[in-house]
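If you're matching them up, the sequences are chains A and B in order. Under UniProt numbering, think of the first position of the first sequence as 1, with each following residue one higher. Under UniProt numbering, think of the first position of the second sequence as 1, with each following residue one higher.
Simulated from the structure, these hints should not be mistaken for laboratory data. Among these hints, one or two may not hold up.
The list treats identical chains as interchangeable, and a pair is accepted whether it falls inside one copy or across any two copies.
Derived pair list, reagent style DSS-like, types lysine-lysine, alpha-carbon separation capped at 25 Å [as the list claims (entries may be wrong)]: (1) Lys-275 to Lys-18; (2) Lys-275 to Lys-20; (3) Lys-173 to Lys-217; (4) Lys-309 to Lys-188; (5) Lys-332 to Lys-18; (6) Lys-340 to Lys-173; (7) Lys-20 to Lys-148; (8) Lys-89 to Lys-20; (9) Lys-217 to Lys-332; (10) Lys-307 to Lys-18; (11) Lys-148 to Lys-171; (12) Lys-309 to Lys-209; (13) Lys-188 to Lys-171; (14) Lys-217 to Lys-18.
Only a predicted model underlies this, so the values are computations on that prediction, with no experimental measurement involved.
2 protein chains.
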Amino acid sequence: MAADAIQNRRIVLASRPKGKPVAENFRTETQTLPALEEGQVLLRTLWLSLDPYMRGRMSDAPSYAPPVELNDVMTAGAVSRVEQSRHPKFQEGDLVVGATGWQTHSISDGSGLMPLPAGIPQPSMALGVLGMPGMTAFMGLTHIGQPKEGETLVVAAASGAVGSVVGQVAKLKGLKVVGVAGGPEKCKYVVEELGFDACVDHRSETFAKDLAAACDKGIDVYFENVGGEVFEAVIPLLNPRARIPVCGLIAHYNEQDLPEGKDRLSLIPRLLLTKRVRMQGFIVFDDFGDRHAEFFSAMVPWVRDGKIKFREHVVEGLDNAPEAFFGLLEGKNFGKLVVKVSE
Amino acid sequence: MAADAIQNRRIVLASRPKGKPVAENFRTETQTLPALEEGQVLLRTLWLSLDPYMRGRMSDAPSYAPPVELNDVMTAGAVSRVEQSRHPKFQEGDLVVGATGWQTHSISDGSGLMPLPAGIPQPSMALGVLGMPGMTAFMGLTHIGQPKEGETLVVAAASGAVGSVVGQVAKLKGLKVVGVAGGPEKCKYVVEELGFDACVDHRSETFAKDLAAACDKGIDVYFENVGGEVFEAVIPLLNPRARIPVCGLIAHYNEQDLPEGKDRLSLIPRLLLTKRVRMQGFIVFDDFGDRHAEFFSAMVPWVRDGKIKFREHVVEGLDNAPEAFFGLLEGKNFGKLVVKVSE
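Please put together the full structure from these sequences, using the hints given.
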């Protein structure tokens with residue numbers, strides 16, 4: 001059976017960025033897909049997820065995952081519809097989630113493809129609140145953050161895909177939750193819509209002081225997803241036996257060199273020692289990849305019942321993915337950033 | 001009942017050090033002790049423990065424990081003999097362990113005093129291999145380090161009170177163990193007597209390269225008790241999911257200011273993230289203070305059967321404590337440093 005000649009539009013990594021990524025680091029191509037072989041499915045991308053970790057995959061610096069090779073399609077999770085199937089487990093019309101990349105179509109042998117979670121209210125949520133970012137938030141908070149009722153938690157990028165879930169789950173567990181976000185509009189949303197106790201604007205000149213005022217009993221859990229000035233403002237506020245799950249460091253992703261000045265390398269071990277702090281990095285699918293059931297059983301009801309709210313920032317069309325991604329690295333999105341690739 | 005006028009010789013903190021502590025930071029005094037009251041015991045110090053953490057107590061920088069006040073006796077754990085007792089739980093001649101300080105005698109109401117561990121071969125061991133340093137090693141390694149058979153562990157100050165126990169317990173648990181020590185004599189002892197697989201001399205110019213060669217499968221557990229150049233050499237060798245219990249940072253205790261240069265503050269969060277490392281500070285009696293039974297039941301047989309060896313560095317006489325302490329901070333001791341105060 002030959003597939004009709006499908007034209008796949010895709011965005012590949014043309015060159016590795018030096019500092020901030022730019023349009024020239026990407027190239028859009030059209031590719032004629034081969035006919036399906038036995039055991040394969042043809043997928044049409046509906047929703048594409050854009051996430052900060054992709055900046056790491058553009059670099060060949062050592063990291064937890066191999067980089068995207070030059071001229072390969074950019075990596076991404078996506079929700080797709082099965083257009084043709086020669087695979088016994090998939091039927092035409094099925095909706096699936098998989099790491100299919102920045103492209104309109106893909107061919108898969110089914111490995112790594114998951115059906116949409118049961119009971120999901122809308123497909124794109126499988127990329128956000130009920131997908132990798134939500135699971136990152138839930139697992140890092142629960143298993144490394146070990147939140148206890150009455151404690152204080154701080155999370156940055158609080159209106160974003162991970163931060164918004166961290167804070168809302170912590171509220172459900174009885175913590176005082178202080179968000180950090182960029183600008184008054186996001187801060188207002190975090191407090192009024194998401195129900196955080198407070199939200200501090202990191203763009204304010206009095207940010208560190210504002211954070212200290214909001215955390216009048218110190219910080220017991222700092223969910224680290226940004227680094228930089230937020231982490232520095234958190235350090236003096238940490239309580240003894242604080243926990244710091246480290247899931248991302250977006251403030252540093254575009255750094256080409258370390259800043260000049262005093263070498264503060266030793267400050268973190270000293271902090272961990274004097275305050276008996278636990279700091280632990282994790283990658284959700286590597287460290288908690290077998291716990292989808294635990295995640296869905298907690299989160300699906302919360303989302304369905306409106307106890308966990310979320311917001312999507314939808315960009316239309318694959319061609320707008322690079323520009324949207326640049327904005328994501330600067331906090332220009334408001335909510336989980338997804339690209340609507342196809343109806 | 002009046003005590004005969006006991007003359008207590010004691011060493012007090014005269015001033016706080018700037019950088020390395022010096023003789024002038026201490027003052028030796030003789031004090032006439034008052035008569036015992038009901039519920040008190042008079043103790044004669046036999047063995048005094050000198051440990052790196054005492055440098056922290058000389059400073060008023062924020063730390064996990066309050067500093068020694070100026071003109072107060074220097075803090076220390078010691079083994080003492082009960083000379084007189086008006087306390088129902090103690091009898092003349094009992095041997096006890098307690099934080100009685102740098103002095104020849106002390107009066108206690110019994111709080112914090114423990115009898116010597118049952119089955120201990122010699123009293124001074126209650127300050128080392130079967131005391132605070134041994135318990136620090138055992139608890140930090142077991143509960144934070146989570147050693148697994150076949151993994152590689154690195155520990156510095158490998159001939160010292162903590163490092164020697166960390167390495168030997170790890171060997172008993174089936175790990176490859178690489179020590180770091182200062183000079184060929186200590187390294188020889190660590191390998192030939194303590195049974196480590198290798199020991200690298202941190203004074204060598206090729207230290208970082210030597211450590212890498214010894215850890216040909218990377219490092220899974222780094223027990224941090226020194227910081228500084230050892231930690232820096234360890235960083236590139238850490239394997240994914242490595243664990244770093246942080247119990248001390250002796251390389252930094254005398255630092256007055258941070259070094260100039262690139263600010264590497266962000267390197268540690270990046271390391272933790274990209275390698276999914278867990279790094280956790282702990283203070284043994286605060287975090288594991290209720291687990292003496294677990295410690296003794298494992299360690300007493302190992303020590304008695306010669307499976308855990310140790311070495312003491314004995315200094316004679318209280319008056320020599322300051323000089324011995326200065327040497328400890330520079331690694332001049334060889335084995336657990338104890339002061340023999342009285343027969």
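Now the hints, each set against the structure:
1. Lys-275 to Lys-18: For Lys-275 and Lys-18, the Cα distance is within 25 Å only across copies (23 Å; inside one copy 37 Å).
2. Lys-275 to Lys-20: between (35 Å within a copy, 23 Å between copies)
3. Lys-173 to Lys-217: Within one copy only: 18 Å inside a chain, 41 Å across chains, cut-off 25 Å.
4. Lys-309 to Lys-188: The answer is within: 14 Å in one copy meets 25 Å, while 62 Å across copies does not.
5. Lys-332 to Lys-18: Within one copy only: 21 Å inside a chain, 48 Å across chains, cut-off 25 Å.
6. Lys-340 to Lys-173: Classified as neither: same-chain Cα gap 34 Å, cross-chain 54 Å, threshold 25 Å.
7. Lys-20 to Lys-148: Answer is neither; intra-copy 39 Å and inter-copy 41 Å both fail.
8. Lys-89 to Lys-20: Neither. Shortest intra-copy (42 Å) and inter-copy (70 Å) distances fail the 25 Å Cα cut-off.
9. Lys-217 to Lys-332: neither (31 Å within a copy, 43 Å between copies)
10. Lys-307 to Lys-18: neither (42 Å within a copy, 55 Å between copies)
11. Lys-148 to Lys-171: within (10 Å within a copy, 36 Å between copies)
12. Lys-309 to Lys-209: Intra 29 Å, inter 52 Å, cutoff 25 Å: neither.
13. Lys-188 to Lys-171: Classified as within: same-chain Cα gap 17 Å, cross-chain 56 Å, threshold 25 Å.
14. Lys-217 to Lys-18: Neither, since 41 Å and 32 Å both go past 25 Å.
The structure fails hints 6, 7, 8, 9, 10, 12, 14 (numbered hints given earlier, in ascending order).
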